[in-house]
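Top to bottom, those sequences are chains A and B. Residue numbers for the first sequence follow this note's numbering, beginning at 1 and rising by one. Residue numbers for the second sequence follow this note's numbering, beginning at 1 and rising by one.
Derived from the structure by calculation, the hints contain no laboratory data. Predicted model only: the values in this text are computed from it and were never measured. Mixed in with the good hints there might be a few duds.
Said to hold, decoys possible - Chain A side only, calculated, beta carbon under 7 angstroms to chain B, not exhaustive:
1. Asp23
2. Ser25
3. Asn29
4. Leu164
5. Arg166
6. Gly167
7. Asp171
8. Gln175
9. Arg277
Cβ atoms here follow ideal geometry from the backbone N, Cα and C, with glycine treated the same way.
There are 2 protein chains.
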Amino acid sequence: MAKRVPKAADVHDGGSRFRTVGDGSGIDNDGRFYREEIQLAFRNRGIFLEGLRYPITPTGMHYLLVHFDVPDIDANRWRLAVGGLVSRPLRMTLDEIKRRPVETLAVTMECAGNGRALLNPRPVSQPWLVEAVSTAEWTGTPLRGILEEASVRDEAVEILFTGLDRGVQGDEVQQYERSLSIEEAMRDEVLLAYEMNGQPLQPQHGYPLRLIVPGWYGMASVKWLDTITAIAEPFHGYQMDRSYRYSAEADDPGEPVSLIKVRALMIPPGIPDFLTRTRVVQAGPVVLMGRAWAGRLEVSKVEVSTDGGSTWSEARLGETTSPFAWRGWSYEWQARPGRRVLCVRATDGKGTTQPVDQSWNFHGMGNNMVQRVDVVVE
Amino acid sequence: MAKRVPKAADVHDGGSRFRTVGDGSGIDNDGRFYREEIQLAFRNRGIFLEGLRYPITPTGMHYLLVHFDVPDIDANRWRLAVGGLVSRPLRMTLDEIKRRPVETLAVTMECAGNGRALLNPRPVSQPWLVEAVSTAEWTGTPLRGILEEASVRDEAVEILFTGLDRGVQGDEVQQYERSLSIEEAMRDEVLLAYEMNGQPLQPQHGYPLRLIVPGWYGMASVKWLDTITAIAEPFHGYQMDRSYRYSAEADDPGEPVSLIKVRALMIPPGIPDFLTRTRVVQAGPVVLMGRAWAGRLEVSKVEVSTDGGSTWSEARLGETTSPFAWRGWSYEWQARPGRRVLCVRATDGKGTTQPVDQSWNFHGMGNNMVQRVDVVVE
């Protein structure tokens, strides 16, 4: 199937419905950003890197990507519909869902586009640098129990999750929706969550109910759930076939984005300069700290470089609090005066290590290139 | 006093400590943004404009500007010190502060730099468009009671508030600190707040204690309070004399930024395009809604234009929930097919109306030029 360039220029009724951002190729080569990207950066907030100090990210610090608008939902009138190829369609209130078996799970979630704006040339979209990751404790009910109660029929191959957020992306008016295979949807850890860090979901995090798919990039965890539908064919919606692909160029269908790749991040040491965020660090022993994660895999190793990636030393790994949450790491650095570039990289349980150089793709997905932190030691 | 250019280039030990952003003038002329601005935009989150639907902004949606890092504070060891020119210096635990008289007040807070990135040429700093405003219910104890207990001496002229956040701005290593005149500090509505929307402050909003100065731009509401000091001379720190000034050029000391100016914002109607945020609206009657505020003044009028500012019609004003919080407005629009630019402007109780064109200043402060919302009616 031919892919379209993911640009905002679009033809509608013989005219262009939206402004074109840049030259319309979807890619920028000169390293400066467009107003539309700034606008998205203000909507879609990242974690403060110093927020990596908390094993569970405070709710208001959790990264957030909202494709369209945060919908206005009256939970008293809201119902979750479970239908399609099921023997027993369901329609549940929030209270009914809360009366089902309860699970709480710490999950590290990361946006598939994290690292996009570090790519060169830069895919023009949500311009994440490295900050689109956080960990929360989600409370809800296992999806499997609901699918079993609805009794998914044998001819179903996927479960489709449709949110109430609606907008235009590419040329398509759409509600945000994505599917999972039956096998993925039936995994133990997949939740329908109504609490985050012990409180009802805030509107921007999917109130009243969202899907949580641990181990997957965040696009799978559909917010503001409206309907769950068992379907007979793989779903080919925009967010499956046109976005969230590892594509070499505009017309390359590529491969679907799925599980979170291995990555480590560092809490920038010392104190920041307001504008550049360059760090000023006092010479002497400095304990570098951060978090590392690898989707469904464990993190087997974290290494630190204090010379911009030329040499690497192993960091100490902390405990894991959940099989789907990041783990802490620390490294004692003897900081000597001068300019330094600090890097950190992690290796997952299968032996895959983060790349030092970029692995470019057209949509800027899954860029887990190592973080670089500029430091002036005095 | 001569002003320095607020650029990041700086000389330290004979060399440049930080990278220069742009040409070093502090101003950009070509309308595209620097990576450092994107980086700040991810740290310093705005409200979702659809979040204007809530009279009290959900905590995690509240706009936020953090100059340096969110400090790591152990509230059990934390103490508030009240000293300087007082007869009875105080040192209080959080529990002691919570046992004092309690007040809760809904306050609309706005960043003084809101609107900066709409200026042309653009001051290079935190690149707010229009989203740096929110309303929260703050709970705490009146500052006046504490100042009275400490007994501020007659020779004091200002009260200095020092936070625990530390970094570099301009060429100065500093903790964030600002002062208020005795008269302003003693006003009834000034609070030392430990709760936001009924919950303990989140780390990024000033935990365990922050100042709230209703009616002033947000820079006055110092977060992570450490010390309160009565002083004999006006305070000339960086955040008073070099930042937060209405200056015509780099070397102009200008006037200090203080109270919030009148402004209205609109919830963009219809549905958004993901990248451009252009709205698609169905033809027919559309109720436009939003909020308006004017610092310590009341909002006396809100007007809407559906033709890019050529003609204006009066909107209906809603109730005010607090003398320091925004009020709602609404306007019924008959949307006819085509491209439209929607604008809204408010007038305060003294008869001052928001400008349609920019009123430029060097630091990009207090730009309350009217919002423009691009809409395609179909």
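Restraint outcome when Asp23 of chain A is required to lie within 7 angstroms of chain B by C-beta distance: violated, 13 angstroms
Hint validity - Arg277 of chain A Cβ closer than 7 angstroms to any chain B Cβ: holds, 6 angstroms
Per the CB criterion, is Asn29 of chain A less than 7 angstroms away from chain B? violated, 12 angstroms
Taking the closest Cβ pair, is Leu164 of chain A under 7 angstroms from chain B? With a closest approach of 12 angstroms, the Leu164 of chain A hint is violated.
With 7 angstroms as the cut and Cβ atoms as the points, is Gln175 of chain A at the interface with chain B? violated, 10 angstroms
Given Ser25 of chain A as an interface hint, is the shortest Cβ-Cβ distance to chain B below 7 angstroms? Check failed: Cβ of Ser25 of chain A comes no nearer than 13 angstroms to chain B, outside 7 angstroms.
Close enough to count: is the Cβ of Asp171 of chain A nearer than 7 angstroms to one in chain B? violated, 10 angstroms
Hey, does the Gly167 of chain A contact hint survive, CB to chain B under 7 angstroms? holds, 5 angstroms
Status of the hint placing Arg166 of chain A at chain B (closest C-beta pair under 7 angstroms): holds, 5 angstroms
Hint check: violations occur at hints 1, 2, 3, 4, 7 and 8; the rest are consistent with the structure.
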